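Enquirer: One line per chain: the protein sequences are Z and U, in this order. One gets our numbering by counting positions in the first sequence from 1 and adding 61 to each. One gets our numbering by counting positions in the second sequence from 1 and adding 472 to each.
These are computed hints drawn from the structure, not numbers from a lab. Hints are not guaranteed to be accurate.
[As the list claims (entries may be wrong)] Computed footprint of chain U on chain Z, listed as stretches where at least three residues anywhere in the stretch have a Cβ under 8 angstroms from a Cβ of chain U:
#	region
1	92-106
2	168-176
[Unchecked claim] Each pair of labels, with its calculated beta carbon distance range:
#	chain 1	residue 1	chain 2	residue 2	range
3	Z	Thr164	U	Ser542	37 to 47 angstroms
4	Z	Arg146	U	Gly525	29 to 39 angstroms
5	Z	Thr99	U	Ala477	12 to 22 angstroms
6	U	Ile584	Z	Arg102	20 to 30 angstroms
All values derive from a computational prediction rather than experimental measurement. For each residue, glycine too, the CB sits at the ideal point set by N, CA and C.
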Amino acid sequence: DAGVIQSPRHEVTEMGQEVTLRCKPISGHDYLFWYRQTMMRGLELLIYFNNNVPIDDSGMPEDRFSAKMPNASFSTLKIQPSEPRDSAVYFCASSGGRVPQETQYFGPGTRLLVL
Amino acid sequence: AQSVAQPEDQVNVAEGNPLTVKCTYSVSGNPYLFWYVQYPNRGLQFLLKYITGDNLVKGSYGFEAEFNKSQTSFHLKKPSALVSDSALYFCAVRGPGNTPLVFGKGTRLSVIA
Chain Z
62 DAGVIQSPRH EVTEMGQEVT LRCKPISGHD YLFWYRQTMM RGLELLIYFN
112 NNVPIDDSGM PEDRFSAKMP NASFSTLKIQ PSEPRDSAVY FCASSGGRVP
162 QETQYFGPGT RLLVL
Chain U
473 AQSVAQPEDQ VNVAEGNPLT VKCTYSVSGN PYLFWYVQYP NRGLQFLLKY
523 ITGDNLVKGS YGFEAEFNKS QTSFHLKKPS ALVSDSALYF CAVRGPGNTP
573 LVFGKGTRLS VIA
C-alpha cells in the first residue's frame, strides 16, 4: 500500500491567493482527518470525515477554510483567501474500521508558506 | 473530555543509555493509547499502541511503553538509545467511541553521541 498521499508537498503563495491541498487516504479506510502543525500551537485537528461525510469541523479556524471529500479516495482542504498566519504544515491522516483502537496513518504533509 | 500531557518539552540522553519519554492521560472509560514519532520534515509515524492485555507494549525500532492505570501513565521507553532516535515524539489517547485521537504537544528527544 502506498500509504496516505498528499499533494503538493510544498506550496508557496502570496497573501490573498487561494490554496488547495489534496489528500488520498489509504484504500479501504473510512475515516479521514486534516491536521495543522505549527511551532506555536502544535498539532491541531481541523476536521474529520467518516464515509465521506464531515463529522466535526469545530477545529476549522475560520470561514476561509473549507474541506470536502467528494469520494472515498480523495479529499481537499481549501484556504481562500490565504493569510501569512496560515503558514504551517498540513497533515492528512486516515484510519479504518469503526472501532476506537484503529491506528491513524499520516501522510507526509504539505508545507505551506504564505507570503 | 480526553486529554494527554507530555510534561517535558525536551529530553536529552546519551547514546547507549536508556531513555524514557513521559505521558499521562485523562479519559472516561477504557483508554486506547498511542505513540507516534516524527522525524524532521516527515509525517507522524505510528510506533505502538495499547488496547488491552499486557501492560507492556512492544513497538517499532525497539521501543516499548508501559501502561499504568493507577498512575494514568503511558511512558515510552527504550533500553539503549541511538542517535537516530532523535525526533519529536507524540503521545495520543482515544476514549470509547469513534472520536479522533487527542495528541499531546510532543517531546523532542535528542540523543547525543
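Enquirer: Compare the structure with each hint and give your call.
Expert: For each hint, the structure was consulted:
1. 92-106: With 5 residues closer than 8 angstroms to chain U, the region 92-106 of chain Z meets the three-residue bar; holds.
2. 168-176: holds (count 4)
3. Z:Thr164 - U:Ser542: 37 to 47 angstroms: This hint is violated: roughly 26 angstroms between Cβ atoms.
4. Z:Arg146 - U:Gly525: 29 to 39 angstroms: violated, 44 angstroms
5. Z:Thr99 - U:Ala477: 12 to 22 angstroms: holds, 19 angstroms
6. U:Ile584 - Z:Arg102: 20 to 30 angstroms: holds, 29 angstroms
The structure fails hints 3 and 4 (numbered hints given earlier, in ascending order).
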